[in-house]
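> Protein chains in written order, with my numbering: chain A, 1 to 360; chain B, 1001 to 1265.
Derived from the structure by calculation, the hints contain no laboratory data. Glycine residues also receive a C-beta, built at the ideal position from the N, C-alpha and C atoms. Among these hints, one or two may not hold up.
If we take Cβ atoms under 8 Å as the criterion, some of the chain B residues that face chain A in the derived model are [what the hints assert, rightly or not]:
hint, residue
1, Thr-1063
2, Ser-1065
3, Val-1080
As a plain string of letters, each chain reads:
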Amino acid sequence: MQGNIACAEGALAAGCNFFGGYPITPSTEVAEHMAKKMPKMGRTFIQMEDEIASISSVIGASWTGAKAMTATSGPGFSLMMENIGYAVMTETPCVIVNIQRGGPSTGQPTMSAQGDMMQCRFGSHGDFSIIALTPSTVQEMFELTVRAFNLAERFRCPVFLMSDETIGHMRERIVIPEIVETKNRKPLEKGKLPFEADSDLIPGFPVFGEGHRVHVTGLTHNAKGYPDTTNHKIHSDLVKRLVEKVESKRHEIADYDILNNDAEIVFLTYGPATRTVRQIIKDRPDLHIGHINLRIVWPFPEEVLSEFKSAKVFIIPEMNLGQISREAARHTNVPVLSLPKLGGEMHNPKELLLAMEEYL
Amino acid sequence: MTPSLEEWYRQERMPHIFCTGCGNGTVINCTLNAVVEMGWEIDNTIFISGIGCSSRAPGYVATDSLHTTHGRALAFATGVKMARPEFNVVVFTGDGDLSAIGGNHFIHACRRNIDMTVICMNNMIYGMTGGQGSPCTPVGAISTTTPYGAGEPVFDLAELAVAAGANYSARWTTYHVKELTKAIKAGMETPGLSFIEAMTQCPTSFGRKNRQRQPSDMIEHMKNHSILLSKKKRLEEEGKSVPDDTFAVGEFARRNRPAMGVYKK
Chain A
1 MQGNIACAEG ALAAGCNFFG GYPITPSTEV AEHMAKKMPK MGRTFIQMED
51 EIASISSVIG ASWTGAKAMT ATSGPGFSLM MENIGYAVMT ETPCVIVNIQ
101 RGGPSTGQPT MSAQGDMMQC RFGSHGDFSI IALTPSTVQE MFELTVRAFN
151 LAERFRCPVF LMSDETIGHM RERIVIPEIV ETKNRKPLEK GKLPFEADSD
201 LIPGFPVFGE GHRVHVTGLT HNAKGYPDTT NHKIHSDLVK RLVEKVESKR
251 HEIADYDILN NDAEIVFLTY GPATRTVRQI IKDRPDLHIG HINLRIVWPF
301 PEEVLSEFKS AKVFIIPEMN LGQISREAAR HTNVPVLSLP KLGGEMHNPK
351 ELLLAMEEYL
Chain B
1001 MTPSLEEWYR QERMPHIFCT GCGNGTVINC TLNAVVEMGW EIDNTIFISG
1051 IGCSSRAPGY VATDSLHTTH GRALAFATGV KMARPEFNVV VFTGDGDLSA
1101 IGGNHFIHAC RRNIDMTVIC MNNMIYGMTG GQGSPCTPVG AISTTTPYGA
1151 GEPVFDLAEL AVAAGANYSA RWTTYHVKEL TKAIKAGMET PGLSFIEAMT
1201 QCPTSFGRKN RQRQPSDMIE HMKNHSILLS KKKRLEEEGK SVPDDTFAVG
1251 EFARRNRPAM GVYKK
């Protein structure tokens, strides 16, 4: 199965019942598969007029209780930024798939990249926090798409599946489990205000049409949901809560594998480079290489770095100019070596072996 | 028993933020009167808006309401209506929100002919940001970004909705309260997208700069410069000239193109 199809199948298994999208290479197969499957399942697929409309329709649908998703790539992702902030501010569960391609601008539509890793974290204006997942296999395209929905439902924030052309267009054999664990957003309890957070910092969700008579706005709002835009405490408390509800659970959200935590040379990877490192570990058992594979990059699981007590270097191959390397470097005193690669191809084993030579 | 007009208002949100003499309240009243006549339920109706003075209106309506981003109300509304066609969906928007930043969503919502009611409070200006020119600011009118008089030709929103495919399109003004209410109701009764353009006065940002300082000056101006669409057509048929400084009011379309999101019980 192709990676993009596995993503669509994962979404359907997770209960996605609304898809709003716009065609863009190399993500289009996600929308095409949803267009084929959803009408037959009594779910809603709509091709919108652009990516701004796509994310808007997704957020609108989510307020009716739908599990809603869109899929895009760099240029479309840039267009979505304002409304991603709206989803953050209004605490709307939604899943945004970005099959990354070479940027900036139209760049390399058919080639792979990971250049939007910082954009998904910081691209919309204002302070906020989000969750981003990074599959490195077709199997993970399925599994992490399911997780993305479950995390969006739980944390009520935009959740990103930050994949790339390599994994999106890769074909691998996958196992689709008979039972997929799905989660639903916590409903608003009677007597509680619509934006009054519980002890987990997350309010119950007032689905439209159930009599809550909720007002939803991107303006700074109070617990009732009503605009209150000049009170500095209300604004500060709200923004801090939106960040803290995710960041305070960073260790719980974290999802990574580690190998050889006594190694001196440690690779930290996500997406395609994970495959390259796994290949050299298999080919060169004599080298005793440490490896961290991140399945969730945001919130960044900084604690993983301290599990490697003997590390002399963290080598981070990325298909960008070192976006996550910079994030890793601020959490450790161990040297971080960024191995950027642009142009559309994933790292090959030779490049990684060459980079680690001076640390052997 | 269906809810009364008072029940449709979120009374705890009063006083509202609209300026003295603003016409938006009139449009909200006409809309809610139409809703009452329709016999809709509060909990089965969703009001949606974008950004601008008009877009603050759903905050004063008792239903579930979605106050979204600038220009995007129709795209959000598309998501709501296509996910749950059983809801009655009403969008409040303004001339800037709908026809400048939201122009693409406007024509596509009309093309899809999604079963919802779109009410545009056209005050011919960006009121919320202090009176900049919009695509509906009349040629020659003064605004803060057209200090020497607006020079760009304007959109005819009611005609645009017809051309783009809406099943219902009408234009009235805040002077024509009864006609406006009837048009909104007729729109709500028509399956598919209904577009009602309500010309409204903005004495603060428009009137003050254009020698219509009093709210009544602007209402009188709209009264005196509007011409019934049927009369305009008749004059044209008879080969007579239609005065340049008038705009047509009335029903521009009521038809039965294929529509989306129509709820089948």
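> Determine for every hint whether it applies to the structure shown.
The hints, checked one at a time:
no., hint, in the structure
1, Thr-1063, "6 Å, holds"
2, Ser-1065, "5 Å, holds"
3, Val-1080, "4 Å, holds"
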